[in-house]
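A.B. asks: For the protein sequence lines, the chains are A and B, in the order given.
Residues 1 to 195 (my numbering) make up the first sequence, in order.
Residues 1 to 144 (my numbering) make up the second sequence, in order.
Source of the hints: derived by calculation from the structure; they are not laboratory data.
One or more of the hints may lead you astray.
Here are the simulated DSS-like cross-link-like pairs (lysine-lysine), alpha carbons at most 30 Å apart as the crow flies [stated by the list, open to error]:
| no. | chain 1 | residue 1 | chain 2 | residue 2 |
| --- | --- | --- | --- | --- |
| 1 | A | Lys31 | B | Lys142 |
| 2 | A | Lys72 | B | Lys49 |
| 3 | A | Lys74 | B | Lys142 |
| 4 | B | Lys126 | A | Lys65 |
| 5 | A | Lys154 | B | Lys69 |
| 6 | B | Lys142 | A | Lys120 |
| 7 | A | Lys40 | B | Lys142 |
| 8 | B | Lys49 | A | Lys65 |
| 9 | A | Lys154 | B | Lys116 |
| 10 | B | Lys69 | A | Lys134 |
| 11 | B | Lys42 | A | Lys80 |
| 12 | B | Lys142 | A | Lys134 |
| 13 | B | Lys69 | B | Lys126 |
| 14 | B | Lys142 | B | Lys116 |
| 15 | A | Lys120 | B | Lys69 |
| 16 | A | Lys40 | B | Lys42 |
| 17 | A | Lys31 | B | Lys42 |
| 18 | A | Lys80 | A | Lys93 |
| 19 | A | Lys65 | B | Lys116 |
| 20 | A | Lys74 | A | Lys40 |
| 21 | A | Lys134 | B | Lys116 |
| 22 | A | Lys80 | A | Lys97 |
| 23 | B | Lys40 | A | Lys93 |
| 24 | A | Lys65 | B | Lys142 |
| 25 | A | Lys72 | B | Lys40 |
| 26 | B | Lys49 | A | Lys134 |
| 27 | A | Lys65 | B | Lys42 |
| 28 | B | Lys116 | A | Lys120 |
| 29 | A | Lys80 | B | Lys142 |
Computed from a predicted model, the values in this text were never measured in an experiment.
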Amino acid sequence: MSTANNGSTGAFSFNNISLGGRIGGTRGVLKMNNVGLAWKSEAGRSETIQSSEIEAAGWTRMTPKIYQLNLKMKGGASVKFDGFREPDNETLKQFFKENYDIELDNIELSTRGVNFSMVKVNGSIVSFTGSNQKTLFEFPISEISQSIINLSNKNELTMEFHHDSTLDEEDESLVEVRLYNPFSKSLKEDEDNTE
Amino acid sequence: NKNGTGEKDQKSAVELDYSSYNENLRLYNSVGNYPTDVVKNKITIDSNKEAVLLPIYGYIVPFHISTIKNASKTEDYLRINFNVPNTLTEEQIESISVPQSLFYIRELTFRIQDPKSLTNTVRLIKELRKRVTTRETENREKSS
């Protein structure tokens, strides 16, 4: 459970927070004050963010119980923190407004249950987005260890992922995705026709 | 009014073609409607909604069982194959405005180190798949 302590300096601290957007979930403490945010795990991993570098902040329900704070940084990167509870929303909303003059936006995920989406690369993030503009899921492009276009079937793209060394034994982790684009072949034929 | 209806028809035609196997599917309204036992980094089978919820980089992504073709295991890997439509013809591409960045997920592979969990997940997906296929076949027989 995360807890918020309102100190006399207006700083907050949340326990059991992990870096989001990845499979491994090493937990740590996230502290925030008017200068920025600092996350540190027991193993010594850390992440610091200057508030002046934050462009936008989002609040997303990731599971029925767990929420995520996602920060869009100037320059296109994004930093995510998992492990918040519903009541933390009010605390964070107020904190971001008062200290950083940033609105905490509610971001809903696409939960239609379909296996198709738009795939786009935004900066360093690969995003899978539904027709309603909601995100199904996304991951940093750096997580891909290898991507292959099938030679015999050119509208198929395979992506293999790096092994995350911070995984717990009981974690069930994605290792490979195979995508199919219903256009490529026709597009290829188009190209051939124009020759 | 007439225009409104026209737009609606066009939209549903697009969605129909996108999904092929699951027209206008709306499995959950939001993450808040997921089964309460859903946790990060674990596959959950929701037999009420006939859905498989898969962990992808911290997200829990639901898939209706009708999108799934098969599930199998090799060593400590779970492979899920999905249904995808045929390659679109040029006529189809011209007649409907489907964005070119449209991709289907054809296959996902997960590493599951706990053999019990792996076996159980494969069994549950296969059972759900079978239940839905049987029901669909029965419905088709009834209606014919």
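A.B. asks: Work down the list of hints and note, for each, if the structure agrees.
C.D. replies: Hint check:
1. A:Lys31 <-> B:Lys142: violated, 62 Å
2. A:Lys72 <-> B:Lys49: violated, 34 Å
3. A:Lys74 <-> B:Lys142: violated, 59 Å
4. B:Lys126 <-> A:Lys65: holds, 28 Å
5. A:Lys154 <-> B:Lys69: holds, 21 Å
6. B:Lys142 <-> A:Lys120: Since the Cα atoms of lysine 142 of chain B and lysine 120 of chain A sit roughly 44 Å apart, the hinted pair is violated (cutoff 30 Å).
7. A:Lys40 <-> B:Lys142: Cα-Cα ~61 Å, so violated.
8. B:Lys49 <-> A:Lys65: Distance of about 19 Å is within 30 Å: holds.
9. A:Lys154 <-> B:Lys116: Violated, because 37 Å separates the two Cα atoms, which is more than 30 Å.
10. B:Lys69 <-> A:Lys134: holds, 25 Å
11. B:Lys42 <-> A:Lys80: Given pair lysine 42 of chain B, lysine 80 of chain A holds - Cα atoms ~19 Å apart, limit 30 Å.
12. B:Lys142 <-> A:Lys134: Violated - the C-alpha atoms of lysine 134 of chain A and lysine 142 of chain B are around 38 Å apart, more than 30 Å.
13. B:Lys69 <-> B:Lys126: holds, 9 Å
14. B:Lys142 <-> B:Lys116: With Cα atoms ~39 Å apart, lysine 142 of chain B and lysine 116 of chain B exceed 30 Å; violated.
15. A:Lys120 <-> B:Lys69: Distance of about 26 Å is within 30 Å: holds.
16. A:Lys40 <-> B:Lys42: Satisfied, since the Cα-Cα distance of roughly 25 Å is no more than 30 Å.
17. A:Lys31 <-> B:Lys42: Holds, because 28 Å separates the two Cα atoms, which is no more than 30 Å.
18. A:Lys80 <-> A:Lys93: holds, 16 Å
19. A:Lys65 <-> B:Lys116: holds, 26 Å
20. A:Lys74 <-> A:Lys40: Cα-Cα ~22 Å, so holds.
21. A:Lys134 <-> B:Lys116: violated, 35 Å
22. A:Lys80 <-> A:Lys97: holds, 18 Å
23. B:Lys40 <-> A:Lys93: holds, 24 Å
24. A:Lys65 <-> B:Lys142: At roughly 42 Å apart (the allowed maximum being 30 Å), lysine 142 of chain B and lysine 65 of chain A break the hint.
25. A:Lys72 <-> B:Lys40: Holds - the C-alpha atoms of lysine 40 of chain B and lysine 72 of chain A are around 22 Å apart, at most 30 Å.
26. B:Lys49 <-> A:Lys134: Within the cut-off at roughly 21 Å; holds.
27. A:Lys65 <-> B:Lys42: holds, 14 Å
28. B:Lys116 <-> A:Lys120: violated, 36 Å
29. A:Lys80 <-> B:Lys142: violated, 51 Å
In terms of the numbered hints stated before, the structure departs from hints 1, 2, 3, 6, 7, 9, 12, 14, 21, 24, 28 and 29, listed from lowest to highest.
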